[in-house]
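Engineer: The residues making up each chain are set out below.
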Amino acid sequence: MSRDETLSEKSTAVGLAPYEDARALVRLIQCTQCSRPLRQPVTLPCGNAVCRACLPDFHERANISYPDVPARRRGVMCPFPDCGREHPASDCGVDVILSKALDSIAGIMAEHTMSASMITTIMEEIRLDDTEALDADSEKPKINKRPWSRLVATYDIAAKGQLPYECDINYIHSTSTSDTGRAMDAAVLQEILDSMHREVDCQICYNVLLDPVTTFCGHTLCRKCMARAVDHSLHCPMCRRSLAIPPVLSRHPSNCTLINLLNAMYPETMTSRAEAVATEETGGEGELNTPLFVCTLGFPHQPTLLRVFEPRYRLMIRRCLESNREFGMLMYNRYGEPQGDLGPVHFYHYGTMLYVTNAQPFPDGTSLVETQGAYRFRVKAHDVLDGYSIGSVERVEDVSLAEEERLEAEETALPPAEEGDVAGHIDRMSTQELLELGQDFVRRMQGRSAIWLRQRVLDIYGQPPDDAALFPYWFASVLPISDEEKYKLLPTRTVRERLKITASWIRRIESQRW
Amino acid sequence: MAAPLPKRIIKETERLQNEPVPGISALPHDDNARYFDVMVEGPGGSCYEGGVFNLELFLPDDYPMTAPKIRFLTRIYHPNIDRLGRICLDVLKNNWSPALQIRTILLSIQALLGAPNPEDPLNEAVAKQWKENQAEAIKTAREWTALYATAKK
Ligand SMILES: [Zn+2]
Ligand SMILES: [Zn+2]
Ligand SMILES: [Zn+2]
Ligand SMILES: [Zn+2]
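In the order they appear, the protein sequences are chains U and H. The first sequence: position 489 = 489 (full-length UniProt numbering), numbered continuously. The second sequence: position 41 = 41 (full-length UniProt numbering), numbered continuously.
Only chain U is shown next, with the shape it has when bound in the complex:
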């Protein structure tokens, strides 16, 4: 796996067994530079960890003028070949959680190595690189012997600097049975798990860290918790130092040492945690799973531009971007009108699903969100999730074309309307005539250079569509009348119904009753 890519939360964690995988477990906490268990680990901006003392010397950085902070003027060349970038000195804080976890492990290992156990472990070093075996010293593979079970013995030779990071171990059979050794290692690991447990909880959600990201100041949170925190404040929640993370948080690499360690040690917890988050975010199965934005009116196939600044809606938009990029747009019910079964809720219960085509975050944390209307829906039930509304919705769809035709035939065949009965007259117009009425009106208004049809408006919404099903949505998007009036289009079930509504607007405008 490339270290640059952030680790997927949906992956299933594979645990390591304390006896069989003793070598691999110890490698998880070994420094790639000095091969000892990490001491005062620094998690670099690339997500790799190294002992503070194993960082190369700092040097003056060239061509850096922004941001001009003393600690950013010096840097180190990253010792990890897959990164190789220059990291500013300011970004090399000791990783607090990783330090504590390693201290826990070191403490437990120290207790076990105080006295000899009944078990002896004999370890033969396997060098991956054959050429090294040609060295005079290493003609014979190096043998290490320790009076403890595998996991403790392996940790000990690493701590003594006798286990190169890349080397594997051939465990040579000793006097004790493997069952005894297995049981002892299981007990040691359990002790470590128990003592590490509280250290690896996220300070925000109180769950074990999921996809942890570490700030330059060495503090770690779940990626999602970090993102929520920076929505509210650009300061580290733990030490309040100002953070530079937000605009690039989505690309900020995960703390891979912690991820690998947690996956290996708490595989069930990590897997179920990832699943729980996935469910939480969608709000359960097929139920209250649609994020709702009570803000303005949107229409199918029309663009809606939003400036999002409230933290709760920024969270909502981010979750959208991570799932299907859709959220429901609802209009605020300012007069408290009853909304079907829902009663006088704070929104109108018909809305439009918007698809996020582009979200442009700004340094101040707000974003400009460009959306395109997808389909209409009605809210069946609603609730609140993390400060914003969510709901279960059902699509509002037009009747079949056959039904549409039947309706037109029926209405156009009515006896002529009386003189002055505007609605009656509109009812009897053919669907095509209704569309032409609208298009003709637009042409006449353009001829009169109506403000609402200026080029700037057409640049956003395009030319009036020829499709009778869509024309009313376009028309409503550009026409300067009240949103409550335009909202009437959303619950409609037929093309005719919508065109009749737009026709009635035109007649009212023409008779100057508006």
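No lab work stands behind these hints: they were computed from the structure. These numbers were taken from a predicted model, which means no experiment stands behind them. Worth double-checking, as some hints may not be accurate.
As the list claims (entries may be wrong) - Okay, the calculated beta carbon distance ranges per label pair:
#1 H/66 x U/343: 19 to 29 Å
#2 U/107 x H/54: 35 to 45 Å
#3 U/194 x H/35: 32 to 42 Å
#4 H/54 x U/372: 21 to 31 Å
Stated by the list, open to error - Non-contacting residues of chain U with respect to chain H, defined by C-beta distances greater than 10 Å in every case (computed):
#5 60
#6 177
#7 229
#8 231
#9 232
#10 346
#11 366
#12 386
#13 387
#14 449
#15 506
Glycine residues also receive a C-beta, built at the ideal position from the N, C-alpha and C atoms.
We have chain U; now place chain H with the ligands onto it with these hints.
Structural biologist: Positioned in the frame of chain U, the structure of chain H with the ligands alone reads:
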């Protein structure tokens, strides 16, 4: 239909019961796990010593991203607490951090009782008295504590 209670609130509540802080208690309502009845004892050596103060605490929807809402129910004579029981405390406002918790907030409030700060007043009248005649102010605070905050059993 209520959203399930976040794990964080469940754990915080458990820890408040299992590892109580001396002189502080917070019990959630049976019918609303986000609403707590809080009791804070006046710190020893302060003019609130011997007093038991009741507060109400509410965890808003986006807690812990926003601070708990908290106010004194028991009347108290203090320059940073107004007549409605509202508290002027930086960690409840601009200095709130989601890494803080109910426990730390209640400890901060207890500390505020031990160290009134008339320079950053919420209750101007009390703060004025505190600055002009501190002995008198402390005497009033003691009297109020005896009058309103002595445990009724
Ligand atoms: Zn090292
Ligand atoms: Zn690097
Ligand atoms: Zn978290
Ligand atoms: Zn920090």
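Engineer: A cut-off of 10 Å on Cβ-Cβ distance, and residue 232 of chain U was said to be off the interface with chain H. Does that hold?
Structural biologist: 5 Å, violated
Engineer: If I take the minimum Cβ distance from residue 387 of chain U to any residue of chain H, is it greater than 10 Å?
Structural biologist: 4 Å, violated
Engineer: May I ask you to check that residue 229 of chain U keeps its beta-carbon over 10 Å from the closest beta-carbon of chain H?
Structural biologist: Non-interface label fails for residue 229 of chain U: nearest chain H Cβ at 5 Å, not farther than 10 Å.
Engineer: Verify the CB-CB distance for residue 54 of chain H and residue 372 of chain U against the hinted window 21 to 31 Å.
Structural biologist: 54 Å, violated
Engineer: Confirm or reject the claim that residue 107 of chain U and residue 54 of chain H have a C-beta distance inside 35 to 45 Å.
Structural biologist: Holds: the Cβ-Cβ distance is about 43 Å, inside 35 to 45 Å.
Engineer: Non-interface claim for residue 386 of chain U: all C-beta distances to chain H beyond 10 Å?
Structural biologist: 6 Å, violated
Engineer: Over 10 Å to the closest beta carbon of chain H is the bar; see if residue 346 of chain U clears it.
Structural biologist: Holds, since 14 Å exceeds 10 Å.
Engineer: Closest CB-CB distance from residue 449 of chain U to chain H, is it above 10 Å?
Structural biologist: Its Cβ never comes within 10 Å of chain H, the nearest being 48 Å, so this holds.
Engineer: Kindly confirm whether 19 to 29 Å is satisfied by the beta carbon distance between residue 66 of chain H and residue 343 of chain U.
Structural biologist: Roughly 28 Å apart at Cβ, these two residues keep to the hinted range, so it holds.
Engineer: Could you let me know if the closest chain H CB is still more than 10 Å away from the CB of residue 177 of chain U?
Structural biologist: 41 Å, holds
Engineer: Would the least Cβ to Cβ distance between residue 366 of chain U and chain H come out above 10 Å?
Structural biologist: 16 Å, holds
Engineer: Would you check whether the claim that residue 506 of chain U is not at the interface survives, using Cβ distances to chain H and the 10 Å cut-off?
Structural biologist: 43 Å, holds
Violated hints for the displayed structure, listed by number in ascending order: 4, 7, 8, 9, 12 and 13.
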